[in-house]
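Number of protein chains: 2
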Amino acid sequence: MEQHIVSSYDEELKFILRRISEMGGQAERMVEQSVAALIRSDWGLAQSVVADDMLLDAAQREVDERAIMTIAKRQPMAQDLREIVGAIRISSDLERIGDLGKNIAKRVIATHDHVQPIQLVRGIEHMSELALSQLKDVLDAYATRDHVRAEEIRTNDAEIDAMYTSLFRELLTYMMEDPRNITACTHLLFSAKNIERIGDHATNIAETIYYIKTGRQIETDRPKGDSTPSMTTPERLLTPASGDGAA
Amino acid sequence: MEQHIVSSYDEELKFILRRISEMGGQAERMVEQSVAALIRSDWGLAQSVVADDMLLDAAQREVDERAIMTIAKRQPMAQDLREIVGAIRISSDLERIGDLGKNIAKRVIATHDHVQPIQLVRGIEHMSELALSQLKDVLDAYATRDHVRAEEIRTNDAEIDAMYTSLFRELLTYMMEDPRNITACTHLLFSAKNIERIGDHATNIAETIYYIKTGRQIETDRPKGDSTPSMTTPERLLTPASGDGAA
Numbered sequence: 001m002e003q004h005i006v007s008s009y010d011e012e013l014k015f016i017l018r019r020i021s022e023m024g025g026q027a028e029r030m031v032e033q034s035v036a037a038l039i040r041s042d043w044g045l046a047q048s049v050v051a052d053d054m055l056l057d058a059a060q061r062e063v064d065e066r067a068i069m070t071i072a073k074r075q076p077m078a079q080d081l082r083e084i085v086g087a088i089r090i091s092s093d094l095e096r097i098g099d100l101g102k103n104i105a106k107r108v109i110a111t112h113d114h115v116q117p118i119q120l121v122r123g124i125e126h127m128s129e130l131a132l133s134q135l136k137d138v139l140d141a142y143a144t145r146d147h148v149r150a151e152e153i154r155t156n157d158a159e160i161d162a163m164y165t166s167l168f169r170e171l172l173t174y175m176m177e178d179p180r181n182i183t184a185c186t187h188l189l190f191s192a193k194n195i196e197r198i199g200d201h202a203t204n205i206a207e208t209i210y211y212i213k214t215g216r217q218i219e220t221d222r223p224k225g226d227s228t229p230s231m232t233t234p235e236r237l238l239t240p241a242s243g244d245g246a247a
Numbered sequence: 001m002e003q004h005i006v007s008s009y010d011e012e013l014k015f016i017l018r019r020i021s022e023m024g025g026q027a028e029r030m031v032e033q034s035v036a037a038l039i040r041s042d043w044g045l046a047q048s049v050v051a052d053d054m055l056l057d058a059a060q061r062e063v064d065e066r067a068i069m070t071i072a073k074r075q076p077m078a079q080d081l082r083e084i085v086g087a088i089r090i091s092s093d094l095e096r097i098g099d100l101g102k103n104i105a106k107r108v109i110a111t112h113d114h115v116q117p118i119q120l121v122r123g124i125e126h127m128s129e130l131a132l133s134q135l136k137d138v139l140d141a142y143a144t145r146d147h148v149r150a151e152e153i154r155t156n157d158a159e160i161d162a163m164y165t166s167l168f169r170e171l172l173t174y175m176m177e178d179p180r181n182i183t184a185c186t187h188l189l190f191s192a193k194n195i196e197r198i199g200d201h202a203t204n205i206a207e208t209i210y211y212i213k214t215g216r217q218i219e220t221d222r223p224k225g226d227s228t229p230s231m232t233t234p235e236r237l238l239t240p241a242s243g244d245g246a247a
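Protein chains in written order, with full-length UniProt numbering: chain A, 1 to 247; chain B, 1 to 247.
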C-alpha cells in the first residue's frame, strides 16, 4: 500500500513535470518568435504567437489542477511537497513569460506598417537573446535540480537590467531628437520593459529551484515578480540627461 | 472526529480569509497612496508605499503556505477545495496589485523634481479612481461570495481599458508637441499601464469568485493576467493620429 502510494505520487509528479517541460519550450519559442516578428515586422508570425498563448494558459490551468489534486490525495511531505508547490510557481512564471511574448507580438500587429529604427530594434534583439539564454539555463537547472547553478544564473539578471537601462536612455534620446520616432519608440520601450520582466521571471524560477532543493528562500532584498528591480535606475540616470536634451 | 476535522478546516479557512481581507485593504491603500504621491509629487509618501510592499509579499507567502498545508492535512473537496485554491489565486492577484502600486511609487521617487503636466496627472487620477472602485467592489463581492455581482463587475473593466486608450493617445500627442514633455510623459505612460493592469487583476479576482461558487470558469475570450486586453486598441487608434501628428 505504502509502495502503491509512493509510486502514484511519482507518476503524478512525472506527469506534471513533463507538462512544465513542454510549457518551458513553448514559452521560449513564443519569446523568440515575438522578437523575430518585431525585427522582421512579420505580422503573420506575430499572430501565431498571440494564438499560441491560449495553449500555455490551458497548460498552466492543468498543472494547477493536477498539483492541487496530488497534494490532497497524496499528502506529500518535505521535498515531495516542495516539488509540487514549486511546479505550481514555475508554471505560473512560464505562463506570464508567454503573456509577455504575446504582448510584444501584439505591438508588432498594431504597428506593422511603421518602420522601426533599426539600431534600436537590434538593441531589443540583443536584450532578448540574453533573457532567452537566462530562461534556457534556468530550465536546464530545473531539469537537473541544480540549485547551485540556479543561484549563479540569478545573478545574471543584473546584466539584463543594465541593458534595459541603457536601451531606455537611448529610446528616450531618440524620441527627443525627432518626434516622428515617438510612436515607434514607445512600442519599443514597452517591448524592452516586457523583456526585462521575462528576465525577472527567469530569476523567480531560479529562486523556486533553490527553494525546492533546500526548503529555504534565497536571502535577497531583490524586489520580485512584477516589480522591476532596476526601474529607478534608468530614470535616475536619465533625469539629468533628459534635462540637457530637452533644454 | 469528523466534526473535529470539519471545524479545523473552518478555522484554517477563517484564518486565511482574514489574511486576504487584510491584504485587500493594504493593496487598495498602496494604490491610493501611490497615485496621491504622483499627484502631489510626495517623495516621502512614495517611499512608504515602496516599503509597505514587503509586508504584502510576506502575507502572500503566508497565505500560500497555510493554504497548501490545509489542502494536505484536511483534503477538502468540492467548494471547500475551491475556497482554498481561490484564496491562493486571490492573494497572488493582490500581491501583484501591490507591486503595481509600488512601481508607480518608484516613478514618483525617480522623478520628484520633474513637473508633471497637470491635466495628464488628473487623467491618471481619474483612471485610478475607477480601478480602485473596481477593486473595492470585487473585494466586497468576495466577502459575500456574490458571484452574480462578480460577473457584473468584470464587465466594468472595459471602461478602464477605454480610459487607458484615451490617455495613451493624449500622452503621445503631448510628447510630440514638445520634446520637453517626453520624460514626464513616459513615466505617466508606464503609470497608466500599471493602473490598467490593476483593473485586469480585479477582473481576475471576479473570475475566481465565480469559480469558487460555481466550479466553472466564466466563459471568456478575454486575455488574462499580465496580458493587456485593449493593448492593440490605442495603437490601432493612434497609428493614423501619430502619422498625422508627426508628418
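Hints in this document: simulated from the structure, not taken from any laboratory. A portion of the hints provided could be inaccurate.
Note that identical chains are pooled: a pair holds if it fits in a single copy or bridges any two copies.
Calculated lysine to any residue pairs in the SDA-like style (CA-CA distance at most 20 angstroms, straight line) [as the list claims (entries may be wrong)]:
{"no.": "1", "residue 1": "Lys136", "residue 2": "Ser8"}
{"no.": "2", "residue 1": "Lys73", "residue 2": "Ala158"}
{"no.": "3", "residue 1": "Lys73", "residue 2": "Glu12"}
{"no.": "4", "residue 1": "Lys73", "residue 2": "Thr214"}
{"no.": "5", "residue 1": "Lys14", "residue 2": "Gln79"}
{"no.": "6", "residue 1": "Lys213", "residue 2": "Met69"}
{"no.": "7", "residue 1": "Lys213", "residue 2": "Glu12"}
{"no.": "8", "residue 1": "Lys193", "residue 2": "Glu22"}
{"no.": "9", "residue 1": "Lys136", "residue 2": "Tyr210"}
{"no.": "10", "residue 1": "Lys14", "residue 2": "Thr155"}
{"no.": "11", "residue 1": "Lys73", "residue 2": "Tyr9"}
{"no.": "12", "residue 1": "Lys14", "residue 2": "Asp140"}
{"no.": "13", "residue 1": "Lys213", "residue 2": "Arg61"}
{"no.": "14", "residue 1": "Lys136", "residue 2": "Ile68"}
{"no.": "15", "residue 1": "Lys14", "residue 2": "Val121"}
Checked hints:
Neither within a single protomer nor between protomers do Lys136 and Ser8 lie at most 20 angstroms apart by alpha-carbon distance, with minima of 30 angstroms and 43 angstroms respectively. In this assembly of identical chains, Lys73 and Ala158 lie within 20 angstroms of each other by CA distance neither inside one copy nor across copies; the values are 41 angstroms within and 40 angstroms between. Taking the shortest alpha-carbon separations for Lys73 and Glu12, both the intra-copy value of 11 angstroms and the inter-copy value of 19 angstroms come in at or below 20 angstroms. Taking identical chains as interchangeable, the C-alpha atoms of Lys73 and Thr214 are never at most 20 angstroms apart, the minima being 24 angstroms within one chain and 22 angstroms between chains.
Proximity of Lys14 and Gln79 under a CA criterion of 20 angstroms is satisfied intra-copy only: 15 angstroms inside one chain copy versus 27 angstroms between copies. For a Cα distance limit of 20 angstroms, the shortest separation of Lys213 from Met69 across copies, 19 angstroms, qualifies, whereas the shortest one inside one copy, 22 angstroms, does not. In this homomeric assembly, Lys213 and Glu12 come within 20 angstroms of each other (Cα to Cα) only inside a single copy, at 19 angstroms, whereas the closest approach across copies is 27 angstroms. With identical chains, the CA atoms of Lys193 and Glu22 are never at most 20 angstroms apart, being 25 angstroms at best within one copy and 31 angstroms at best between copies.
For a Cα distance limit of 20 angstroms, the shortest separation of Lys136 from Tyr210 inside one copy, 17 angstroms, qualifies, whereas the shortest one across copies, 36 angstroms, does not. With identical chains, the CA atoms of Lys14 and Thr155 are never at most 20 angstroms apart, being 29 angstroms at best within one copy and 39 angstroms at best between copies. With identical chains, the CA atoms of Lys73 and Tyr9 are at most 20 angstroms apart both within one copy (9 angstroms) and between copies (16 angstroms). In this homomeric assembly, Lys14 and Asp140 come within 20 angstroms of each other (Cα to Cα) only inside a single copy, at 16 angstroms, whereas the closest approach across copies is 40 angstroms.
In the homo-oligomer, the alpha carbons of Lys213 and Arg61 lie at most 20 angstroms apart only across protomers (18 angstroms), although the nearest pairing inside one protomer, at 24 angstroms, exceeds that limit. For the identical chains of this complex, Lys136 and Ile68 are neighbours neither inside a copy (27 angstroms) nor across copies (29 angstroms), given an alpha-carbon limit of 20 angstroms. Taking the closest pair of Cα atoms, Lys14 and Val121 never come within 20 angstroms of each other, the shortest separation being 40 angstroms inside a single copy and 51 angstroms across copies.
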